[in-house]
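Here UniProt numbering is used: the first residue of the sequence shown is 1, the next is one more, and so on.
The hints are simulated quantities; they were obtained by calculation from the structure and are not laboratory data. Hints are supplied without guarantee of correctness; some may be wrong.
[As the list claims (entries may be wrong)] Computed Cβ-Cβ distance ranges for the label pairs, DEER-style: (1) 229 to 539: 22 to 32 Å; (2) 217 to 306: 51 to 61 Å; (3) 66 to 229: 25 to 35 Å; (4) 217 to 448: 19 to 29 Å; (5) 352 to 147: 44 to 54 Å; (6) 186 to 413: 43 to 53 Å; (7) 537 to 82: 56 to 66 Å; (8) 729 to 491: 31 to 41 Å; (9) 66 to 932: 54 to 64 Å; (10) 491 to 624: 20 to 30 Å.
[Unchecked claim] Cut-off 25 Å, straight-line C-alpha distance, at most; resulting in silico cross-link-like pairs (DMTMM-like, lysine to aspartate or glutamate): (11) 704 to 757; (12) 220 to 403; (13) 169 to 158; (14) 84 to 833; (15) 430 to 328.
Think of the CB as a built atom: it goes at the ideal place given N, C-alpha and C, for glycine as much as any other residue.
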Amino acid sequence: MWALRAPPLCRSSQRAWCWARWTASAGPNRGQKSSPDSRYRDTVLLPRSDFPVLLPGRLQPETEAEIQQKCGFSELYSWQRQRKTKQEFCLHDGPPYANGDPHVGHALNKILKDITNRFHVMRGYRVHYVPGWDCHGLPIELKALAEGGETEHLSPMEIRQKAKKFAEKVIEKQKSAFIRWGIMADWDNCYHTFDKKYEAKQLSIFHQLHEKGYVYQDYKPVFWSPSTNTALAEAEIEYNEQHVSRSAYVRFPLLKPPPKLASVIDGLPSVSLIIWTTQPWTIPANQAVCYMPNSEYSIVKCANTGESFIVAADRVQSIGAVLDTQFDEIATLKGTDLESGVCSHPTIPGKQSPLLPANHVTVSKGTGLVHTAPAHGMEDYSVASHHQLSMECLVDEEGRFTEATGSELQKKAVLEEGNEAVIQMLKAAKNFLKEEKCIHSYPYDWRTKKPVIIRASKQWFIDTGNLKAAAQEALKKVKCVPVSGMNRMLEMLDRRTYWCISRQRRWGVPIPVFYHKTTGESLMNRKSIEHVIKLVEQHGSDAWWTLPTEQLLSSEALAQAGKHDVHDYMQGQDVLDIWFDSGTSWAHVLEDAGERADLYLEGKDQLGGWFQSSLLTSVAVQKKAPFRALMVHGFTLGEKGEKMSKSIGNVVDPDVVINGGSDHSTEPPYGADILRWWVAESNVFTEVLIGPAVLNSARDDINKLRNTLRFVLGNLAGFNPEVDSVPTSEMYLIDQYMLHLLQGYANKVTQAYKEYDYSRVIRLLQAFHARELSSFYFSIVKDRLYCEEEKDLKRRSCQTALAEVLDTVVRSFAPLLPHLAEEVFQYLPYRKESDSVFRTGWMNTSPVWKKPGLEEAVEGACAIRDAFLGSIAGKNALQYQVVLAIEPGLLFELMEVLQHEECSSTSQLNEIMMASQTTLLTELPRDVDTDDIIKGTFLINLEGGDIREESSYKVVVLPATKSKCLRCRRYTADSAETPCARCMKILGGK
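Build out the structure end to end from the sequences listed, making use of the hints.
Written out as structure tokens, the structure reads:
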């Protein structure tokens, strides 16, 4: 029926005799010494280990550096790549940007990746992980140029050389930090987006996109950064929620009434439309006023001036309040009634602005009528394309008005004095109604932290409108952790109709296009791109700026284009967007992994960045996502949830965390494992907080873990598992029970790792070592470990369990804390020279550890023990003896497995009770005072619920009747002057 069998029941008369003997001599001896006699101190087997419970000061980082060297951290990646196994795990490293010092954001990302990789290595996989760096782009170019010297007249190659040198310096600094954090990789074979082979592969992907018709050139509005003179993709934009704009209410006089309103308007002295804009500088570029066809509009009369206006019906009262006037409604009309109307341009005499329908118009704010400048708005551009309006841009690359705007505006910065100049022009034309400060969300250049504008220019684009449906379908087949990341990315893709891939810079991979010197016509075809790719393979992208056009543009390419003279052409000066740079990394880095990774793991900003650019390029070329799973983590913040800032003084430098600051009293050296613990214990799917309190807490947690590990190591002294292990079936039940718990722990931990839930691993680890081990198991088995004969089977049973516990627990946290794991292995009493946590596999538990009836036997005893200890709260349990009366049945049979005799001070049951002696009866004698009886029940559930039985039990607590043993301190000695019988037997040979 179940595995644990009890011996036959003893007769109750025998148990009553034992009871009578105790009650006759009740009462413990008093006034005994609290410590063992010095004669016996050396006979007690106290824990022995040199493993330090604390590593204060510089010892922690110094020990970690020594362990990295001694345990072959630098060789681990190459070692595991040489293993012969069919199991492969590929994590593709999203390249960090090579423009600054390593920071805690890097630490969060790299450590999460390393935990994942080390887990798979220990599970027997060959891990494919190639670290890389994103090396091109404006931020690097700007920082390189800011390092000093004259930069205004530098040639493109001089700029590129400076930028590359700067990137290389940053890469080495970041690489050193990553190695110190314990990140496993082949650091001599990384990828860089400025490598010749990488650039050639990138242009090969561009070529394939061009061949498939996804690449095109067009004149349209894009995000433009006046602070860096280049177009930006949406992924390079961040929004300032507190931006202040000078919003304006502007009059557009009605020049030609809509036919449907002619009779209503006839006779009114003057009628104007009112628009509201947060960007008055765009008014000179106005080409139309748009309305919502299905909305209602009102013709109103101003009580102050008598003039008439047209605004959205729902906005009449709010606009009147803003303009500090009363509007009297004259008529209500549909948006469609405004068709074919024409307004006068508010600043340019003689210019007309037609009224046009548009679905992007909203009546929830503003006036329900939208000023439309096609060169400065995405929706405006759509309207202009449909109605063939002019899209001339009156703003140059520096964000200043061009000559075409006239002397009043020319060369004025549109976001500064240009705005003021336009407002003054509106006032002069008497078309300015009101100005208000508007605090709203506004796009900023993520590099310079300065506002951008929308500006029409000729750029190169990828047609994501025709790609996104396939990309969304491919994405739906990908596992995303957390799921919310998937939904957000799908939404982002849905809104994306094109991707601007051209940048007006020098430090990057060139767009391989040539332009006719006279007509400006572009030349780019299969032959021209293939030829450039070959040159880049040989010379790198520098070739675009160092080789003459006649070497860059082949005769075959000219012939394919139907042209003949290479001297009619010059190469383009735009470079590819760095998101295209990194977004094609799968083609180069994953070449030997089937061009697909098992996992991409990055911060949430990459949902619109690297994740998306990788997905789009891969789906376009190979019709599948380049990843099977995505993991998305949050950003790092100060421990109060605030952004890190030097001015606030809350910036956490990983190097200072590891090695300490100038003052170790305020910035102590914690070592790298503290950083790794912080990463693992955090809920990384939200914002991740870090600061002194967080780090101190992590240090305390690790020190508690070290204390547990030291206890186990100390009690394994003199034990060799190969020789001294006890077969599971012969072990004490409490030891078997620990193995049973250990198997459950190992299964839960493994599952948490598989789900990338590393904070759950930490919670499981803390609960297991603090509760199941320190508070429960250790307190029970100390007497057996310290006071039994060294080689006694009972002690070896416990050591067998401890050896399994240590091995399993250390392996369970090894991916999180590799330095500590390897350090523990250095102190194993039975360590072999070749032993390494990461080269000897994952946790190895046995199904034999789960035995029917085992859990019920121990937990039943523990339930009774808790009732006993609860009745003597705060007192020493060894000063008491307990009498248990359990009605005949399953619970009694289980307790008899733990204690065969009626009364015992050495049984497994008594060990669990932690009393001086335990008596097991089926019923209590009649003369027991009922007030002293503790009652309880315990439900036994066996064989999946097929066997269920609730048993009642009674506990009587009595003072110990014997003296305190001079050796083991238990109240089991016949005399205060001599050890107890158990200790006397052990001492017999000594």
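Subject >> Numbered hints the structure breaks, given as an ascending list >> reply: Structure breaks hints 3, 7 and 8.
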